[in-house]
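Asker: Could you put the whole structure together from the sequences, leaning on the hints where they help?
Numbering of the sequence shown is given in the numbering used here, commencing with residue 1 and proceeding in unit increments.
Heads up, some of the hints might be wrong.
[Said to hold, decoys possible] Now the in silico label distances, taken between C-beta atoms and shown as ranges:
1. 52 with 275: 34 to 42 Å
2. 313 with 248: 17 to 25 Å
3. 265 with 183: 47 to 55 Å
4. 187 with 29: 49 to 57 Å
Everything labelled a hint here was simulated from the structure, so no lab data went into it. Just so it is clear, CB atoms sit at the ideal spot from N, CA and C, and this is done for glycine as well.
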Amino acid sequence: MSAAARHLLIPFATAGASDQQPLWPAPAVEDLPNLVALLNGMQAVSHTECGPDTPSMPYELVLAGLLGLPAEPGRVPWAAFETRTVGEPCGWIKPCHLQVGGDQVRLGDAALLGLQEADSRALLEAAAPYFAEDGMRLTYMSPGAWLATGEPLRDLTTWSTDRLAGRQLTPDVLQHSAGSFGPLWQRLHNEMQMLFYTHRVNDERTRHGQLPVNAVWLTGAGALSAMPAPVPQLVVENRLCASALALDAAAYQQAWRVVDADACAMLLRACRAGEQVKLTLAGEQRAITYEPRPTSIRARIASMFSARPSLAVFDTL
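Answerer: Now the structure itself:
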């Protein structure tokens with residue numbers, strides 16, 4: 001049996017608000033030399049289409065497939081996988097800030113909340129009885145994430161916070177396709193908004209000029225019957241995520257240069273050493289996976305007359 005290919009997955013290879021230009025509109029080939037060298041010796045072997053009205057990001061569906069998880073949009077049981085919970089439905093509850101202005105509601109970037117453990121635990125303590133009434137238990141995991149467990153989390157379609165950060169929320173986003181449990185989640189969402197509105201944590205945050213935690217967001221719900229086998233050769237490069245979600249163009253471009261000099265350079269060395277490698281670039285709408293071109297004499301001759309290296313692929317992600 002041949003060894004598994006070393007696979008580098010880069011989420012947010014392109015990024016930007018839907019109504020604005022990309023955070024890096026036209027990177028030059030000299031900006032990302034290792035990525036350009038990789039692409040010049042590779043060919044696309046698969047595409048994952050995942051438009052802005054899809055609950056999951058393209059990289060999430062690719063990653064789910066690679067990990068052996070269900071890769072249906074909005075139905076990947078990330079909470080179960082990340083906490084190694086088997087047999088019991090669960091989901092992530094993310095304390096968040098909804099930006100309300102005029103007739104628009106947007107999900108704020110969670111990183112801007114700066115929520116501390118004591119405040120997060122206080123909010124969880126207030127929320128827990130409401131979840132318990134509907135057969136769910138809340139467990140503190142981190143300031144920005146609580147684990148919910150219980151039967152109402154088994155068959156839900158939920159939206160990724162990476163997909164929704166900074167985006168206008170529509171009524172469809174709150175329509176969890178879960179039969180009789182759909183209205184339950186809409187009710188809980190409304191109850192948490194009312195509960196947090198007058199909570200002492202938000203009184204303190206407002207006094208200190210911080211954004212209030214005025215809602216929770218459910219994501220990554222579902223159940224696993226067994227944990228999938230590990231994928232040791234898979235590397236998920238997450239260093240673009242924070243600046244992409246914050247829409248910080250300068251930080252994003254600098255992060256890309258670091259990724260190119262590090263992760264892309266390592267993959268390029270492995271490729272030139274004859275190792276099996278794969279590269280997946282994922283943006284807002286699609287992910288493209290590349291493998292090295294065949295190394296036959298004909299292929300080598302053809303590559304001599306190939307087009308000038310470019311990063312035109314960024315325009316398609």
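Asker: The structure should be examined with respect to each hint, and the outcome stated for every one.
Answerer: To see whether the hints hold, each was checked on the structure:
1. 52 with 275: 34 to 42 Å: Check passed, 36 Å falls within 34 to 42 Å.
2. 313 with 248: 17 to 25 Å: holds, 23 Å
3. 265 with 183: 47 to 55 Å: Roughly 52 Å apart at Cβ, these two residues keep to the hinted range, so it holds.
4. 187 with 29: 49 to 57 Å: For residue 187 and residue 29 the Cβ distance comes to about 53 Å; the hint holds.
Consistency with the previously given hints is maintained throughout, with no hint failing.
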